[in-house]
Amino acid sequence: MQVFINDKVFECPAGATLPEVLEANDIKTDNIAVAVDFSVIPRPDWNKTVLQDGNKIIIIKAVQGG
0 MQVFINDKVF
10 ECPAGATLPE
20 VLEANDIKTD
30 NIAVAVDFSV
40 IPRPDWNKTV
50 LQDGNKIIII
60 KAVQGG
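Number 11 in numbering that gives the first Met the number 0 belongs to position 12 of the sequence shown; there are no gaps in the numbering.
Honestly, the hints are just simulated from the structure, not real lab data. Heads up, a few of these hints could be off.
[To be verified] List of simulated lysine-lysine pairs, DSS-like, C-alpha gap at most 27 Å:
| # | residue 1 | residue 2 |
| --- | --- | --- |
| 1 | Lys55 | Lys7 |
| 2 | Lys47 | Lys60 |
| 3 | Lys47 | Lys7 |
| 4 | Lys27 | Lys7 |
| 5 | Lys27 | Lys47 |
| 6 | Lys60 | Lys7 |
| 7 | Lys27 | Lys55 |
| 8 | Lys60 | Lys27 |
What you are looking at is a predicted structure, and each value in this text was computed from that prediction instead of being measured.
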């Protein structure tokens, strides 16, 4: 199946969870927020989030600065 991560297409197996897809694509999970189809997924719910074909995943990285 295909999912979109920040508008790029990624292939993943059916029934893959959010952490599985992030790990398979070498996406670091430190200091990020994730939304699936425009709904923010709290980090404790990541393992329960099973992705579907065509899901749009948005990753927002927190940065510090001044």
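Hints and how they fare:
1. Lys55 with Lys7: Holds - the C-alpha atoms of Lys7 and Lys55 are around 9 Å apart, at most 27 Å.
2. Lys47 with Lys60: holds, 21 Å
3. Lys47 with Lys7: holds, 23 Å
4. Lys27 with Lys7: holds, 16 Å
5. Lys27 with Lys47: Within the cut-off at roughly 19 Å; holds.
6. Lys60 with Lys7: Given that 27 Å is the threshold and the Cα spacing comes to 16 Å, the pair holds.
7. Lys27 with Lys55: holds, 18 Å
8. Lys60 with Lys27: With Cα atoms ~10 Å apart, Lys60 and Lys27 stay inside 27 Å; holds.
No hint from the list above goes unmet by this structure.
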